[in-house]
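Model the placement of chain A on the given structure of chain G, informed by the hints.
There are 2 protein chains.
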Amino acid sequence: MEDYRLKNRDLEVEDFIEGILNGNRVMLAKAITLVESNNSKHFLKAQKIIEILLSQKKESIRIGITGIPGVGKSTFIDTFGCFLCNMGYRVAVLAIDPSSQVSKGSIMGDKTRMERLAKHPNSFIRPSPSGGNLGGVNRKTRETIILCEAAGYDVILVETMGVGQAEYVVREMVDFFLLLVITGAGDDLQRIKRGIMELPDLIVVHKADGENLEKAIMTMHEYNQMLRYITPYTLGWTPQAVNASSINEAGIDEIWTIINKFERYTKESNIFDKRRDEQKWNWLHDLIKQELSDRFYQHPQVKQQLEIYEENIIKGKKSVSASALELINLFLFDAK
Amino acid sequence: MEDYRLKNRDLEVEDFIEGILNGNRVMLAKAITLVESNNSKHFLKAQKIIEILLSQKKESIRIGITGIPGVGKSTFIDTFGCFLCNMGYRVAVLAIDPSSQVSKGSIMGDKTRMERLAKHPNSFIRPSPSGGNLGGVNRKTRETIILCEAAGYDVILVETMGVGQAEYVVREMVDFFLLLVITGAGDDLQRIKRGIMELPDLIVVHKADGENLEKAIMTMHEYNQMLRYITPYTLGWTPQAVNASSINEAGIDEIWTIINKFERYTKESNIFDKRRDEQKWNWLHDLIKQELSDRFYQHPQVKQQLEIYEENIIKGKKSVSASALELINLFLFDAK
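Just so you know, the protein sequences line up as chains G and A, in that order.
Residue numbers are given in the numbering used here: position 256 of the first sequence equals residue 708, and the series is strictly consecutive.
Residue numbers are given in the numbering used here: position 119 of the second sequence equals residue 571, and the series is strictly consecutive.
Any given hint could turn out to be false.
For identical chains, the list gives no copy identity; a pair is met inside one copy or between any two copies.
[To be verified] For lysine-lysine, the following DSBU-like pairs were computed, each having C-alpha atoms within a straight-line distance of at most 35 Å:
#1 K769 to K732
#2 K767 to K741
#3 K741 to K726
#4 K769 to K592
#5 K713 to K769
#6 K667 to K741
#7 K509 to K732
#8 K769 to K719
#9 K755 to K719
No lab work stands behind these hints, which were simulated from the structure alone.
Bound-form chain G, shown alone:
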């Protein structure tokens, strides 16, 4: 804990800026909490901090990591993160916190999920609740990335669960997207989530060790076969499947080599910067649509009437177009 007194007084924008730029982890964590707050006073302060930090141009690579439960995301990030930290990189992990997902009743916090990495002086781990349909990503994850970069972290790992639209949301905020998979029963490729294959820049067949190695190699070939039919997400970059093991650390360096190659290629072809600009643009328009829709659905009169309209639509008593317009008028004539 760099300065325990920070807890006990009201922090100013300048305190945050100074702390973050000095790489103070407590300050970074507090700033993220501020950003995540729904309190409007906090929002304004958080936005000021971000706007000042935005002017700090720092180089970083943002890597999204996804995979269904059981593929070993935490073990992989633990190993991969330590590998990077040991090379001298500063690594921030925006991770899913399974303990906060009530229904699963998991008792592991992130400290134990990524035990080695959590202790490394070059790492910063920020857990997010895994509940909701965003699978650990939230609307403030992009702002959190900016804060971490300003604090000097040069590799940002964004973990997400293969739930709902989470992968698409994360794909839109990272430079490189990695899909973790494992071998399974013979026809396990069939259980891949719809659309997921079109997102990654790299597929890693995890747990390729011991008795599992042979099967992992076969699975890797199957994925490589399948990737032939997929339009790559990143123009001019052909995604491939590789094997890796977090236990014996096999394949970890190869993954980093591929990411470096990707970074070089996308920077030389200007895809890297163009994508980041487009992501900002999409972020703005997504946020506008999301906020408009939130305000609509939270509106008291809309809330009160919506169900009645829905019932009448299903019963064929009311047309969908007329219902939509009446509800929108209800909202707009009393929006403030």
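Just chain A now, kept in the frame of chain G:
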């Protein structure tokens, strides 16, 4: 022309209802024009008509047909539609009108695109402009389907081009979705649009005739191979690829057999009705979001300020969250 005098007086809601329920094609066409109109007086009248017609429960099957330009969509619909009409079905086609897409400068209208079908007494063809990013589908297509069904059409074919989000939009308004493909150069499967493979209930390898037949059979096998890896859109229904030729009408009856089997399966498993209810629900919420977003982007002050905000975001002068909220307040405080 059933009654040319209809053109010359102002039609009342009752005239439309009576005409449509009697299967009067001119009235149906006029009602669709009313539905498609942006005039608010027309909108109200159209909604009244639809609300009255909604109470008429008519059995129908809605079939979406997609495929990139060159696969022979119009020839296929011409042949398939005639096949159905000759069996006694009444077939409505909501088709793309290539002649209205200015940039392509096509001179073929729908009458010539589907020459045989257009002349058949059991058919009704309604062209839509193919411009815009919806590839021939428009926001009023769902209402048009309702009108056609009320007029007694029991097979509704919705044609769409493989452009933008059109397939997803059409998938959300039909019971059965058919993807037309053709053979090409060896690696032509690679050129399939991202995500498209996960939508169809059936893939038809078209132009499987003459010298092309052998290649078409190979292509069919390749698609069937590939479909093994795809999570089917309709639970419990495994999509397959079949061959067809519109020239010698081979495979056309098989396609109809498959559609019948699909209809039986989805009705017995209650997927059919459940999907239609969900589609209505999704339609309402899509429409609300679309309308909110339209009103936002058409708002004069938003229009005036948006570019300035976007520039400042890219330059790093302004945060995305703050920009979104400021723009929304601009809109909501002056929404009417």
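A quick look at each hint next to the structure:
Taking identical chains as interchangeable, the C-alpha atoms of K769 and K732 lie at most 35 Å apart only when they sit on different chains, with a minimum of 12 Å there against 43 Å within one chain. For the homomeric pair K767 and K741, the shortest alpha-carbon distances inside one copy (29 Å) and between copies (22 Å) are both at most 35 Å. With identical chains, the CA atoms of K741 and K726 are at most 35 Å apart both within one copy (23 Å) and between copies (28 Å). Taking the closest pair of Cα atoms, K769 and K592 come within 35 Å of each other only across two copies (19 Å); inside a single copy the shortest separation is 41 Å, beyond that limit.
When the C-alpha separation of K713 and K769 is checked against a cutoff of 35 Å, the pair qualifies only between copies, where the shortest distance is 31 Å, while the shortest distance within a copy is 59 Å. In the homo-oligomer, the alpha carbons of K667 and K741 never lie at most 35 Å apart, since the shortest distance is 45 Å inside one protomer and 47 Å across protomers. In this assembly of identical chains, the alpha carbons of K509 and K732 lie at most 35 Å apart only when taken from the same copy (15 Å versus 48 Å across copies). Taking identical chains as interchangeable, the C-alpha atoms of K769 and K719 lie at most 35 Å apart only when they sit on different chains, with a minimum of 23 Å there against 57 Å within one chain.
For the identical chains of this complex, K755 and K719 are inter-copy neighbours only, at 33 Å across copies versus 48 Å inside a copy, given an alpha-carbon limit of 35 Å.
Checked against the numbered hints given earlier, this structure breaks only hint 6.
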